[in-house]
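Each chain, written out:
There are 2 protein chains.
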Amino acid sequence: MKALMCVPNISEGTDLSVVEKVVDAVRSTPGVMLLDTSSNSDHNRSVITYIGRPEPVVEATRKLTETALALIDMACHRGSHPRQGAVDVVPFIPIRGISDEEAVSIARDFGRHVGDTLGVPIYFYEDAATRPERQSLANVRKGQYEALAEKLKDPEWAPDEGPCQFVPRSGSIQVSSRFPLVAFNINLATTNLEIAQDIAKSIRFINGGFRYVRAIALSLKEAGMVQVSMNLTHYEKTPLPMVAEAVKREAARYGVSVAGTELVGPVPLGAMGQILRYYLQAHDFSMDQIIENSLIGWTGE
Amino acid sequence: MKALMCVPNISEGTDLSVVEKVVDAVRSTPGVMLLDTSSNSDHNRSVITYIGRPEPVVEATRKLTETALALIDMACHRGSHPRQGAVDVVPFIPIRGISDEEAVSIARDFGRHVGDTLGVPIYFYEDAATRPERQSLANVRKGQYEALAEKLKDPEWAPDEGPCQFVPRSGSIQVSSRFPLVAFNINLATTNLEIAQDIAKSIRFINGGFRYVRAIALSLKEAGMVQVSMNLTHYEKTPLPMVAEAVKREAARYGVSVAGTELVGPVPLGAMGQILRYYLQAHDFSMDQIIENSLIGWTGE
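Order-wise, the sequence lines are chains A and B. For the first sequence, the numbering used here begins at -6 and goes up steadily by one. For the second sequence, the numbering used here begins at -6 and goes up steadily by one.
It should be emphasised that the hints constitute simulated quantities derived from the structure, not laboratory data. One thing to keep in mind: the hints can contain errors.
A pair counts as met if it fits within one copy or between any two copies, since identical chains are not told apart.
Calculated lysine-lysine pairs in the DSBU-like style (CA-CA distance at most 35 Å, straight line) [to be verified]: (1) K194 to K(-5); (2) K241 to K56; (3) K194 to K241; (4) K241 to K14; (5) K56 to K(-5); (6) K135 to K230.
Throw the hints in and build the complete structure from the sequences for me.
Structure (structure tokens):
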């Protein structure tokens, strides 16, 4: 069974009746399974997660986009999270039986179709980016919605699809495809934030660490701990257990131990297989050995 | 989706045309997925593994039993593996959404039905045992097929179901239910078998080790290593990573390191979750976070 996940972020996290209508566009699409909806009122933003075969997932995403554009007016939007559109980001994530290349072309086809039919500027980012400087979402979204009108006048920032024209109500839609990301936090038994900051710097890509690691340091005031909070953007290429062990070793240099870790949100089965192989030294373990793996896409009829 | 696995062992591993006919009884049952068939001619025995909802799995097992009893004559059976019947063991294994108690009653119902309709003595063992001395398969099968006629005259060894009468062609069927077993081997970077033997003794139940661990030591001549070969009979109660770490520590006492490990055959997803939680110290990890978990029993229609 081929499985594609999509995790659109929409710029509405306060009026939950609007969010409900947008989520209904997913729920009402046959062949799509809604996995999660989470709204944050400070961010004024909601994240919707669903999965299914590629065609129904694309169809659900079209309906979601149409509904959100009809209901959300960016001209009135306030929120603490960076955003550039009513449907701010639409990442397509290949989970099973879909190559990275197929995922890119799903994202590009989606962007072209929505840009044309709904008349809204589209930027491709991450794996779907059409040029290197658009790979980074931070770059694409620089200046945010408020700067978009000016940006669209700059030929460097012509949209990838849709009209090269500011649509005040909708802003732009950022569409991507990417490998499934793993959100992984390591809690350290100390209140010294500097230690977590040093470790975050030593393991993250921008400062010379692992290629597919983004990391920041946080204080967990109530727990009396600090946290190295990470996004592993390609666990196959930068393995999670290797990063976990590196953090542990770095912490040990300060005499600090790991109190626990947290995997946040969805975790791909492949990452679990990797953790098993690594820690057990089970070099030949095959994912086909997992009993439940045979039940995926099978109702028992 | 409820899922039950069944792993009958039949006393034929030489004439593969017979094995094929027996396996066909499983293949031809709608709602059952054949996972594996493996035949060993020295043992003169085959192991058939399949999964599905409880009802179709029981139905497939009935058909398999009927076919095997019609085709296999124990009076002519020779093989190096202990056995007491043409259909030697029938273990039912709850994989998903089935309690241990339900599994016991599935095994007992199956034994009663087959004992009555096919007229063959049935012994229940492991979780399905009716008395403590029948829990151990080695006990139930003591003396093997060759001793069965005498054994059936002893009231202590009256069968649990079916006629108390020796059926030369079929022998007896041993029926059980049990928690899914994990076959786990640890290879040590030494040729000294005594070290593996000492470690096997220190970790296995019969010598005072972990309750749900059976272990033996083997020489891997070609690889120039020795192996601690284990069956973990209840990974939830005796966790695999705890056993792996105990073996590693014991080996270190001899200055020997772990060269690698092998998980042999099917591995339940639950055991993988446990390994992840243990090694990452991810205390709150939930199996619901696994993306593919949501696709089990769902075809995407």
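Hint check:
1. K194 to K(-5): Neither: 37 Å inside a copy, 47 Å across copies.
2. K241 to K56: neither (45 Å within a copy, 55 Å between copies)
3. K194 to K241: For K194 and K241, the Cα distance is within 35 Å both inside one copy (14 Å) and across copies (33 Å).
4. K241 to K14: Close neither inside one copy (45 Å) nor across copies (55 Å); limit 35 Å.
5. K56 to K(-5): both (21 Å within a copy, 33 Å between copies)
6. K135 to K230: Only inside one copy: K135 and K230 sit 28 Å apart there, 53 Å across copies, limit 35 Å.
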